Amino acid sequence: MDESRITKADIPVTEDGVQPSSSGGDKREFHLKGSQKDMIFYVCMIAGAVIQFAVCYVWVNVSSFIMAFQNINVATGDISWTFGNFGDIFVELSWPNFWTMTKNSVLAWLLSLVVSIPLGLLFSYYIYKKMPGSIFFRAVLFMPSIVSAIVMVTMFRYFVTSAMPDLMNDLFGVSMPNVLDPATGHAFGTVMFYSIWVGFGTSVLMYSNGMSGIDPELVDAVHIDGANGIREFWHISLPLVFPTLSVFLITGVASIFVNQINLYSFYGGTAHASVQTFGYYLYMATKQADGDYGSYPRLAAFGLILTAVAIPLTLFVRWLLEKFGPSED
Amino acid sequence: MFKRELAKRNKLLGIRRERAHPKFSPVTIAMLIVLILYVASLFLLFFWAVLTAFKDPLLDFRTNTYGFPVEWVWNFSYVFTQFVVHVSTETRVGVVGMAEMYLYSFLYAGGSAFFNTLVPCITAYLCARFKYKFSRVMHTTVLITMVIPVVGSLPAEIRMAQSLGLYDQIWGMWILKANFLGMYFLVFYNIFKALPASYTEAAKIDGAGNMSVLLRIALPLVRNTFFTVFLIYFIQYWNDYQTPLIYLPSYPTIAQGMYTVSVTPTQEMSYVPMRLAAAILMLVPILVIFLIFQKRLLGNLTVGGIKG
Amino acid sequence: MKAIFKKTAAVVLSLLLGATTVFSFVGCGGGSGGNYTEAIDENRTQLYVYNYDGGFGSEWLSKVKARYEALHANDEYEPGTGKKGIQIMINNTKNAVTSETIKNGQDEVYFTENMYYYSLRYDGALADITEAVTGKNPYEPEKTVESKFTDEQQNFYGIEGQREDGKTQYLGIPHYFGSYGIVYNKDLFDQKGYYFINGYDPEGPLEEKFIYYKDDTKTPGPDGDPGNDDDGLPTTYQEFFWLCEYIGRVNNQVALSWTGQYYTQYLGFLLNALVADYEGLDQMMLNYTFKGSATDLGTVSGGTFREDAQDLGINESNGWNLKRQRGVYEALSFIETLVDTPTYRNGDNAFNDSYSHLNNQEDFLMSRADGVTTPIAMTVDGMWWQSESSHVFSSMASRYGAQYSQENSELRWMPLPKATEEKAQEAAENIKQGKAGNTIADALYSLCFVSSGIDDWKLPIAVDFIQFCNTDESLLEFTTTTNTMKALSYEIGNDVLEQLSPYGQSLVGFIRNADIVYPYSSSEKYINNASMFRADTYYRATVNGATANFPAQAFHVDGVSAADYFAGMATYYERTWSTLN
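Protein chains in written order, with this note's numbering: chain A, 6 to 334; chain B, 303 to 610; chain C, 1171 to 1751.
Accuracy of the hints is not assured; some may be wrong.
[Said to hold, decoys possible] Calculated Cβ distances over 12 Å to all of chain B for the following chain A residues:
hint	residue
1	N76
2	G89
3	G178
4	A188
5	G190
[As the list claims (entries may be wrong)] Computed spacing ranges between beta-carbons, pair by pair:
hint	chain 1	residue 1	chain 2	residue 2	range
6	C	T1544	B	E373	19 to 27 Å
7	C	A1539	B	S379	26 to 34 Å
8	B	L420	A	W324	31 to 39 Å
[As the list claims (entries may be wrong)] Straight line, CA to CA, 30 Å or less: simulated DSS-like cross-link-like pairs of lysine-lysine:
hint	chain 1	residue 1	chain 2	residue 2
9	C	K1273	C	K1254
10	B	K495	A	K42
11	C	K1273	C	K1628
12	C	K1313	C	K1254
13	C	K1605	C	K1356
14	B	K435	A	K42
15	A	K328	B	K435
16	A	K42	B	K433
17	C	K1306	C	K1273
18	B	K495	B	K506
19	A	K328	B	K495
20	C	K1273	C	K1253
21	A	K292	C	K1273
22	C	K1313	C	K1233
23	C	K1264	A	K292
24	C	K1264	C	K1628
25	B	K506	A	K42
26	C	K1695	C	K1318
27	C	K1318	C	K1306
28	A	K134	B	K495
29	C	K1695	A	K292
30	B	K433	A	K328
31	C	K1695	C	K1273
Just so you know, the hints here were simulated from the structure itself, not pulled from any lab data. Because the structure is a prediction, the values reported are computed rather than measured. Backbone N, C-alpha and C fix where the C-beta goes; we use that ideal spot for every residue, glycine too.
For reference, chain A alone in the conformation it holds in the complex (with noise of 0.2 Å):
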């Protein structure tokens, strides 16, 4: 792993909009110092935070990573060694289940990808740019993310089927098919529609404020070369929230195996198999086996293979975006 691409890919604008250089020149006289004083101070302020990862992540999940090895018998209390929880997953789920569940895991990333962050980068440039009425939509766009989930999906489920075909039934004469309903084939698009309503306001906010970090004096002189908006925005903008982007395109990734873009909101524990996500399936197999621990080891199984896939892939993405993203140098 190439350590020094990361950083500089994640290298962030200071207030004055300027690149710092990581060529490390002053900072290798900082640590001509970095005596055993150092040293101690180092230990001694670092020690805190990795004793809790040891014992409140690593020592946690550690049972989670065993159980899926495991044959719990619960009437007999015996515990047996098995590598078969990996292969029953997959007879239970059934292969069409699982293409379904990989297809709209990776539609719903997709849609993140080409739908949320566009949309983000383009009125976040609206934003930054101070057109009319920015300062109001900034902070009405936050509105959503204060809101809790629970709350915000409630009202929206009613809403959708309930007050909106009443609405379109008594104004227009329309009647409105139930768009959660599966069976009227709109489902996965108003769920993924919900996502990105909802979350498209955060992400305007996190990008424009990305932007804020811009050189007017570079925007200037790019228009006096005679760029127009377009050309600002993919030639400068662009480039200096790359960082921002980059961190969410990476995220994104793992994104794909745990987001149940909230169908145990919409659905509980009974959403159809056409809608869901590995994030959903997961969630709701637990909770299905809510106290029956015989059933716990498939489902830790599953898991374990989902990182296995996921830790690679988000390694490659990151890979990909230090070799082909923008540089300004």
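Once you have looked at the hints, place chains B and C on chain A.
Just chains B and C, lined up with the frame of chain A:
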């Protein structure tokens, strides 16, 4: 570098900086319309929720799903009395009402958010400024833990919390949440990494110790980011009902109260207007905080490149 | 930085104080519901009791508490402390418990739903209460609690040879039971004549199958005995659908309603109830015991069920064959017809995600009086549904008149129709002979136990309290209070029946004529996969290669036929059987 050269050239040419004024180009207007529509959709939903909260559940909302209330009903005081969680633990037995839940929410969300911001911040500082091999290990650990979906570790986690005496203690949750993992470690890391060493070196030459450099120079530099991350976490923990539900049986929070209300299978609290009234009650304090800190929150919210 | 934190702290604090003062005085006025506000009485010994506050409510426990406290008012439990008497502290809550919360919580005696007995035991959350089950009951010396168990309950709850003395150990006992079924609006049936007329011509026009005048003679109904309340009710699936057709198409009313939000579960539980009713106690229990001979397995071809030539001896390794029981196919067909025929059900609400079971109850009840809602003749719900909608009853009574109160409402439990005429006749015959004519499937997994965290000196008190809760007197009190029954065998006399509401009478009367399937067994296969054998998860199928979890959903969303789903169930369970522990 490209930018610097450009700026230099501009100065040489005597071109003065000029603010680019927004113009009403067709693209701008199209974008404005989209934004207005989006905001309208948000307002519509909230407006509907407020209207609904004022309807009589049985006699009005059932047949009048979108109009104005036939008769404005004050559901809130009833909701308030029903917004309770029954507590039965070794330390206490009784009914917790909304006022107390607000208190626990502030303590839980405030403390957890603070430590969950402080620990990544300091760890990131250490990793970014001290070039030990271990710092790299920490950085990679953060990246890897971000992609691991964890399954079925809840029982183990509860056992851990119990054996360490963190279970059912608000301060215990602060420790539980005080990990350095997650996106914001990367954010702090990037900022500290970007600081020229001279910032801290000068102080060191003046005889300041590592600790005072951290407290007097490094932390104040990232105060805005710190505050932003704190608020983001605060909102997250404010809305988190799962952790308190499992780990704080003696101290139900407002989000947990909301959850309890929403899963009640019986009686009046399950009516939509009642639930929305409850949601509004839960929302008000957080909305007030948001409005007070709006500028600070929105001014700095960014992930890859928060300003220092 | 300091200034900022100071400012934040100040704002947060002032907000907090503001909120606290504003809300604390508002909060004072409110009743909190439940008994938990009861303060600890320092002069008495406390026993903490958890009660899952679901459809059965908590009134029954309050009554037990009152009697128990009065009985022991002068007993000393903690000698030397000066405390006298006992105080039952009831914790009514919807919050589910886990083995961790049981071990560490304050509560000592638990009355729960949806718990896995063996998993709790595996986790060490349960105390040994053998004494309460097999020991002499001080409140009822002639009977032990164990004597009220069925054989399978004894096998399941009693764990052999676990005690130091080598005897069977009990760590928990059954509490109540409940099933899903159909409730009908008797007023509407009377008013519109939704009863079959005696001697109707099955081939004749639909309208002529039903009574026209109030004094027309009805068919004898499910019990085959004319002159009682069930006269004229449908006895077979065919009659049920004729009735639906008559109500929905001819009279433009809603024949049968159910919740759209939870339709997968409610119709799933109804399906399970129909299967149990078809198969009867012994055959149905094979699904959990995997021990015995299955007599009606088969396959479906060309829309007809073809029974296997031979019976099959069932064991833990071939248990999947039970999904080929005829009752499964018949019940699937029944549900498919309901799902696929819009005039039989409550239109779009039946699949609407915001139409909860409570909305459904509201509509069912309000349609009798509000003049706006289309009248609903029947609804699918659990036996305990009335306590869930008690608020609707009370507000209707105050708005529209006393006849809409819970006590006065003419709503009845409907015996499930039988798949075939032979089955219907057989059931009627059995009832006449005083045998069970119906079979009920419990779907609640309600369990009573004591936490392993209880103090040693308190365990005998808990044991005593559990024995007290399960005397015949307490069981009957439970029935008259909740209008339902506990999951133990006890006789309900006519004098008790008369104390119940019309609905309660119809329900308990029905239960008296029924066998009850308690869906658990001591089979290791069952115990190790308990969550896979629940009524709502035990009807999976492989349809077109993919796994479908819920029959009703497969019918509604995927348009699968009952025959295909039936075949798919055999495929699924044959394929996955070996992956079960």
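Results of checking the hints against the structure:
{"no.": "1", "hint": "N76", "result": "holds (15 Å)"}
{"no.": "2", "hint": "G89", "result": "holds (17 Å)"}
{"no.": "3", "hint": "G178", "result": "holds (15 Å)"}
{"no.": "4", "hint": "A188", "result": "holds (22 Å)"}
{"no.": "5", "hint": "G190", "result": "holds (23 Å)"}
{"no.": "6", "hint": "C:T1544 / B:E373: 19 to 27 Å", "result": "holds (24 Å)"}
{"no.": "7", "hint": "C:A1539 / B:S379: 26 to 34 Å", "result": "holds (27 Å)"}
{"no.": "8", "hint": "B:L420 / A:W324: 31 to 39 Å", "result": "holds (32 Å)"}
{"no.": "9", "hint": "C:K1273 / C:K1254", "result": "holds (27 Å)"}
{"no.": "10", "hint": "B:K495 / A:K42", "result": "holds (21 Å)"}
{"no.": "11", "hint": "C:K1273 / C:K1628", "result": "holds (15 Å)"}
{"no.": "12", "hint": "C:K1313 / C:K1254", "result": "holds (29 Å)"}
{"no.": "13", "hint": "C:K1605 / C:K1356", "result": "holds (26 Å)"}
{"no.": "14", "hint": "B:K435 / A:K42", "result": "holds (17 Å)"}
{"no.": "15", "hint": "A:K328 / B:K435", "result": "holds (24 Å)"}
{"no.": "16", "hint": "A:K42 / B:K433", "result": "holds (14 Å)"}
{"no.": "17", "hint": "C:K1306 / C:K1273", "result": "holds (28 Å)"}
{"no.": "18", "hint": "B:K495 / B:K506", "result": "holds (18 Å)"}
{"no.": "19", "hint": "A:K328 / B:K495", "result": "holds (21 Å)"}
{"no.": "20", "hint": "C:K1273 / C:K1253", "result": "holds (26 Å)"}
{"no.": "21", "hint": "A:K292 / C:K1273", "result": "holds (21 Å)"}
{"no.": "22", "hint": "C:K1313 / C:K1233", "result": "holds (22 Å)"}
{"no.": "23", "hint": "C:K1264 / A:K292", "result": "holds (17 Å)"}
{"no.": "24", "hint": "C:K1264 / C:K1628", "result": "holds (25 Å)"}
{"no.": "25", "hint": "B:K506 / A:K42", "result": "holds (12 Å)"}
{"no.": "26", "hint": "C:K1695 / C:K1318", "result": "holds (26 Å)"}
{"no.": "27", "hint": "C:K1318 / C:K1306", "result": "holds (13 Å)"}
{"no.": "28", "hint": "A:K134 / B:K495", "result": "holds (28 Å)"}
{"no.": "29", "hint": "C:K1695 / A:K292", "result": "holds (21 Å)"}
{"no.": "30", "hint": "B:K433 / A:K328", "result": "holds (24 Å)"}
{"no.": "31", "hint": "C:K1695 / C:K1273", "result": "holds (27 Å)"}
This entry satisfies every hint, going by the numbered hints stated previously.
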